[in-house]
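**Q** Okay, here's what each chain looks like letter by letter:
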Amino acid sequence: MKAFTAYLMGYKTALRNGRMWMALYLFNVLFAFLSAFPLSGFLSKTVGQSLAFTRSLQGFDYTFLRDFLREYGQGFGQIMDQALVYAVLYLLLSVLLIGGVLAVFRRWAEPFRWAAFWQGCTHFFWRMLRLSIYFLLLHGAVLALFGFVFFKMGIGSSLLELDTEESIIRAGRIILPLYLLAAVLVFMLHDYAKIHVVQVDQRWLFRPIWQAIRLVFRNFGKVALLYLLNVASFLLLTGLYWWLSGLVKGGGIGGIFLFGQAFVIGRIGLKLVNLGSATWLYQQFPVDSKT
Amino acid sequence: MRLRFACRPRSIPLQPIHPYFCYLYLLKLHETMYLRPFIASIIILLALPRVFSQNQPPSLRTASYDMQVRLDTAQKKVFGNEILYWKNPSADTVRELQFHLYYNAFKNTESTFVKEQGGFGLFLEAMKEHCGWSWMDIQSMRDEYGNDLTQQMHFIHPDDDNAEDQTVLRVPLPRPVLPGASIRVELEWVAKLPRSGMRTGYKREYYFMAQWFPKVGVYEPAGTRFAEKGQWNCHQYHANVEYYSDFGLYNVAITVPKGFVVGASGTLMGTKEAGDTQTWTYQAEDVIDFTWTASPHFVEVKEEYKGIQLRLLFYPYHLHLAPRYLTVIHDAIDFCAEHFGPYPYPGLTIVDPPLHGTFSSAMEYPSIITTAAVCVLPQGVKTPEILIAHEFVHQYFGQVVATNEQEEAWLDEGITNYYEARIMDEYYGSQTSTIDFLGFKMGNMNSNRADFFGLSDPQVSEIARTSWQFKEASYHTITYSKTTLLLRTLEGMVGTETLDEIMRTYYERWKFRHPGGKDFIAVANEVVFQKFGPLFGENLDWFFEQGLYGTGMCDYAVAAIANTPKPDRAGIFKGLDHCVQPVTDTTEEAYHSVVTLHRLGELRFPLEVRIQFEDGKTITEQWDGKARSKEFSYEGTTKVVSAEIDPEQKIYLDKNFLNNSLNLEPERAGVRQRVFQFMLWMQQIMQSISVFA
Ligand SMILES: [Zn+2]
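Chains A and B supply the protein sequences, listed in that same order. Counting with my numbering, you get residues 1 to 291 for the letters of the first sequence. Counting with my numbering, you get residues 292 to 984 for the letters of the second sequence.
Calculated directly from the structure, the hints in this document are not laboratory data. Built from N, CA and C at the ideal position, the CB exists for glycine as well. Be careful, since some hints might not be right.
[Said to hold, decoys possible] Taking lysine-lysine pairs in the DSBU-like style, the calculated list, with each CA pair at most 30 Å apart, reads:
| no. | chain 1 | residue 1 | chain 2 | residue 2 |
| --- | --- | --- | --- | --- |
| 1 | B | K802 | A | K249 |
| 2 | B | K520 | B | K368 |
| 3 | B | K865 | B | K732 |
| 4 | A | K45 | B | K483 |
| 5 | A | K45 | B | K946 |
[As the list claims (entries may be wrong)] Output of the computed footprint for chain B on chain A, the stretches with three or more beta carbons under 8 Å from beta carbons of chain B:
| no. | stretch |
| --- | --- |
| 6 | 83-91 |
| 7 | 206-218 |
[To be verified] Label pairs and their calculated CB-CB ranges:
| no. | chain 1 | residue 1 | chain 2 | residue 2 | range |
| --- | --- | --- | --- | --- | --- |
| 8 | A | W242 | B | T787 | 37 to 47 Å |
| 9 | A | P38 | B | A813 | 52 to 62 Å |
| 10 | B | E939 | A | L129 | 54 to 64 Å |
Chain B on its own, in the form it takes in the complex (with noise of 0.2 Å):
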């Protein structure tokens, strides 16, 4: 492992500009004439001819932004110029578009936003307290014809009545984009920047940009997802909800003054000095967002791993965590690479925040993650790694494979989660991933399995579910625990192989796009049935039905066995006159032997279920998990001494392990030993408690 460290950025050198950009520049500057097809067309011819053949853009680039920006560290503002290109991706003509304003949240206490969040407690009050509220300005729009589009402008509340929601703004078009054409849009805007709001804004000279311009929403043609005609997929601000939002190229020109260091989506295509001011121009090629962060204090560690460029930028106190920050980076890019593809960006940046920038840790943006961390951090106590882990995969699912957050958030936070699990586990050990520090251990997939059934009500809502609508406090854990416990069911179901077959061909399939729910449980069929033929079923709908839409629970429990000495054969058989009398003289005992299954909770998945004998022989038995009750009995000159059901702990929903099994004897031997290191506690506490004596 190699470390370069450095207090500002090194020079980077200048990277060639990529040839499609220049295309693709070329034709956004000739977009308004009519001869764009022509020239465009010349330009291909002659200058890039190599652009489709070898660098045909791997998504659609819906909507693509050029924007020059400039944060004014004093008022806290930034001021933007922003080009949008919007290519209609449906067959429908589009008379308006929709941008999401998400800085208008803060803007006040009447937001559907603070709302929902019941005031965000102590971030709000301290908003409030520095009157740190913030909001986005659209000065001046207009569309590529020269039509002033500022005056149609309104804000629009498509989820709840709340009139006072600015954070979805509605646009007609005085001339409608026809199926498949573009248009370009200018826009001036100033945006003030929420101190420490959610996930984004500035404290200190700490500044975290998320969601943080006029970014257009997503047209779903008939048929993406839930649309059943095409439509504006654009949400308000809500409280539990992440992002959903389009493909596109993005240059992004950030003025900031001199002596910050900025990290950014993308490629870091220069920089440039002017008086005071320092530019960091940036491209981000096939991404759904853009974010940066700026700070005068950031230390930079930078390192080529496998022809990705990684970039740590941390607040010095922090910079011993470098090499735990990589090792983990480096796992999980081996990881995700070796299950689903190659890492699609040419580069990544871990941004560490300063405890005041806590607001802003724990996010995955396109080719931007940001951590959590404090200076004295023992090794045992895994946060930065499992949320380096989790953030990077989310560069797979939630970033290329775009699902919509707010819609069916399980389909990534879901997904990320248990492959957060996969990777600690994998790379720390199944029982110390997330904890092992003085005596206490805690695995990743463990802790999921504790904190859905440490809910209190963990029936409270299915998985599958609009984000928003989740009012309890359970949204975190039946969206990210759930799920992980029902792909870690699916895996022990199908096994690993085919459970990351189903990820890979799923990834493969819809990397760049937009899948929902229904495509991804269509791959699982496909795949699962691929292998297996009908061992399922004709699918997995039933699978997905009780976990994913369903809310029952699983339990199934090992009631009793039983050996009764089977009575010698006696009585009258043939012949009415002939009694057949008990054979007195067997040496060896026979024995009837029944163990009883139950299952005590809603769900149904098939099992395995391991008998025991009492001469050593063990049997596994195959049962479907159907019957509320079930029996499996057997006859010979040996006893039942144990069974268990799911002995490898594949039904990870199953709540109770403990009744999994049962064993004839009891375990004596090990209550005592429980017993008698609870004594020795006992003893060591009393002894402690006595100098106040």
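Isolated chain A (complex conformation) (with noise of 0.2 Å):
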């Protein structure tokens, strides 16, 4: 029943943060105009007054593509890179947020502050990164194990000596749904191990890990819960979101970008939903559990 609860008072927290909400949405969006903006000029100074472009926006139009990066290719490639960039910084900077947002949520009965989000984001901002750093690498070794599962029991030594491709097919019915639930862990750890960095307040990062990930497996029925509860709200959200694109469709730009918009403002709240339920269901633990 915690994990219930605690999926609930995910919400509960997210709602009293609106203004936090609304800050990380600004950001995704001013960091997705900057990238986004050059080519506006770009693609009226090269294709803006070929009516082969006019064409081009009814639809996937793969000549055009084609010509068009041959063409301009270069400079597109810049743009692209450009936006390489901005997506890097933006995960800096949502690495960042992500102490800020947790630093809120330690004291998530308390009304909302800038200056403690601040505070926290500056405060746990190293901390954060290396913690980033270390789960991504995990993440690699992950994949790189099933991968290499995969590739031994799937193909063997050489593609070319494969009997049938039905054993690729049976590696990988068995090892991807293994690597999602693998993954999906690795996630789950890295988000208690964040909370518990900033709840414990250490310096050193190695002790909180491993304390989190002992508190993850102690208790780890509620924990699982509760993160299954979070990826299906997810998965729905973007099932919605596939469903009803189709729908509005016919609504122009407009309507797509527009609902584009509430689709992220869902995504980010989402966010913030997890792990403001996860820190309440962390609070809940006894402290001996937690060292």
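Take the two lone chains and join them into the complex the hints point to.
**A** This is the structure in structure tokens:
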């Protein structure tokens, strides 16, 4: 039952901190806008006056795309590179903001204060960054491990020596769900490590990471159930978006864009729900289980 | 659609032996006798009065074979007894025979094939590792007069100075073959099969036997293709190159272990079991080659479609793909029958190789073709459909119109590729016929254009080039895709109907013969002139010279649109003392509009140019496309708002469609739309990667 209560508390926490929610969204808009803005001038200058461009707006136009990439690929590539830089910067920004979010959630019953948020951001930034790097490495290791097992199981020594492709599919059917479970587990551990670091506020990281991992495994049922609820909420929202986006297509780009914004706001909200509910659940565990 | 599934071949009713086959058989039996003409006449008169009235073979049957072959699966060898009946098609006295021994291409690392391939990658590595080298050894060869030809035979290398290449065998004849006469040669040979060689060989229990027997070259009489005098055309086995051979009648008895299912060119005449083997007897009439496959794991799907016996051979885990294969083969049969003529053979076998048999995929042989697929293949990924359509068109262009793929590959690969695109685009949609998956759409004709212009240097070679001289990796793209674009451009110029008429005439005129590029061009010139007179000039040589024999690019562009207000008429005109003052009270402004077009590439084609005016009026201008720059001027009360060269994209060889048009006003709403879309994607991507924070 605690997991369900935590899940509901997550919503409550997210809604109580609506200003923070909006701030996260505006950062997302700002970075995406910065990355997309150069495209406007570029398209106007290159193909804005071509009738081929006007026709290509009707849907996916492979011929236009290939001509465009061939003729203007270099300039477009620069815009894409720039967008990649913005994406990496956004990731770093997210690392910065997560400390603030968790600092605010630590005292979830208190009213939201910007000062507490920004203080949390700066106070925990380096620790959050190191945590992200460690868990990225862990993700990489998990992917490599499952990739290796998949290759050995499905392909063996060489694709050309394979009897049938059935073994690849069979291996995929087994390995892919296992990998997804493992990846979800790593995400979950990462979440609780972040929460634990913010709660105990220790300088060194390895001890809190180890404590967080132990905490998760000691309370695995509740933690996993809560995570499942949050993952299911995300899948539901995404499914709804895909289903409804077909219906809003008639509303033109304005309609699609606004609907897309609603989805992004929803995604950010669910991220807050996830962290808020996990923080609440964490706080319900007895103190001795956290050390 | 009615499907029949069976794990073993169903009992196929033995078909009565074709009467013409009886005649030939008896004729051959008695060929050595001096009474041959007399006996043959008696047979014809007494037994088969209808043979020549109704069953005149469509080809000359220059090279016919009777073969008994045994597959030894333990040794990975084929043991063959072969009788070649070769007819001299020329007015020359022929003093030698030349044979292709293709399997020697995989004999060692020194063959021309392996050297040109640069080692053919993983296949060669696997050959080295498993000692999967192959060879063909002729143990005896005798002519019909009892002369032993074995001692005199020797390898030649007509194309290069590679003395170690053993893919062409020269056999001097003690008794030459006189003009129009025939010779019978008996061979005994053993072939060691390559372990997944190029297009042929074995892997595990899958056997695909292409270019597997000593096959006589083509003797080209003077006037044939490039031949100025009678000559053997028998090239070595080269890396890029496929095949060229003569028409004939094949009777082949294939002995395999019991339990194997065999598929082959021609018609199955019967099967016979003996001990632990089974012999499958096939007959293929008027074909240029004979190919077969065998595996104990084949599952069969059989269907008759419009009188054609279709036989699909699958490994069991691909069986669910059968409806897709049947759909496309029906479409291809219908399309080709309508555009060229009825399919000329009684049956067609489609082989879907297992993954370990990929070496044999995507190939065409007389009435047997191979495709490629994997068991999980989304409907929107049309790879097997494309391959089946392609290889089926080859039955017409390549097999029946038997061009020389070694010297003029574009004639069969290019034409086939063009019609593959036509078939796919017609039946699967012009924007979706290659891929229609997860929102990504690609049409077949479109993909050819993208492939060709996507080459790092599309000007590296002309189309009309001997295949093995394409040293660059661009052989495939230039031969297949550029020819496709060239034919699509011709279609744009003369219309689809005329292009199809060219092909129909070309097919009808050259079926069961060996035309060359010049013969195709002659047909095109003839049909186009008949239809249009001198509209495109005296002939289309200018078109083919640019497209086939040249490497120039085509790029037309609208350079500028200028609308200048026309100044009011003023100044001194008649009478030096009378000055005309500008009229200032006109309510309507007049414009002098100029549309400037550029020819940026070297190729020149006649074009249409569509000019759109502000008041909605549209004018279509004709431009011969020759000058580097061209202006169209207009005067009136309305401005030109846009201009477009070749609005229907008839000139498909144009490398850049983006600059073919110019809109005076930029498409601001469209730019906004794309920017918003991009921004939305970036928002989603950024939010997704933030999970790692
Ligand atoms: Zn082909």
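**Q** Just tell me: holds or violated, for the beta carbon distance of W242 (chain A) and T787 (chain B) against 37 to 47 Å?
**A** Roughly 40 Å apart at Cβ, these two residues keep to the hinted range, so it holds.
**Q** Need the status of pair K802 (chain B), K249 (chain A): alpha-carbon distance at most 30 Å?
**A** 53 Å, violated
**Q** Taking 8 Å as the Cβ threshold, is the statement that the stretch 83-91 of chain A is covered by chain B upheld or broken by the three-residue rule?
**A** holds (count 5)
**Q** Has the given pair, K45 (chain A) with K946 (chain B), been kept, meaning a C-alpha gap of at most 30 Å?
**A** 20 Å, holds
**Q** Decide if the proposed pair is consistent with the structure: K520 (chain B) and K368 (chain B), CA atoms, cutoff 30 Å inclusive.
**A** Violated - the C-alpha atoms of K368 (chain B) and K520 (chain B) are around 39 Å apart, more than 30 Å.
**Q** Verify this for me: three or more residues of the stretch 206-218 of chain A with a beta carbon less than 8 Å from a beta carbon of chain B.
**A** violated (count 0)
**Q** Is the hinted range of 52 to 62 Å satisfied by the C-beta distance from P38 (chain A) to A813 (chain B)?
**A** With Cβ atoms ~55 Å apart, the hint holds.
**Q** Holds or violated: K45 (chain A) with K483 (chain B), Cα cutoff 30 Å?
**A** Violated: K45 (chain A) and K483 (chain B) sit about 63 Å apart, past 30 Å.
**Q** Would you say the C-beta atoms of E939 (chain B) and L129 (chain A) sit inside 54 to 64 Å of each other?
**A** 58 Å, holds
**Q** Compare the distance between the alpha carbons of K865 (chain B) and K732 (chain B) with 30 Å, and conclude whether the hinted pair is satisfied.
**A** This hinted pair is violated, its Cα atoms lying about 66 Å apart.
Violated hints, listed in ascending order, are 1, 2, 3, 4, 7; each of the other numbered hints is respected by the structure.
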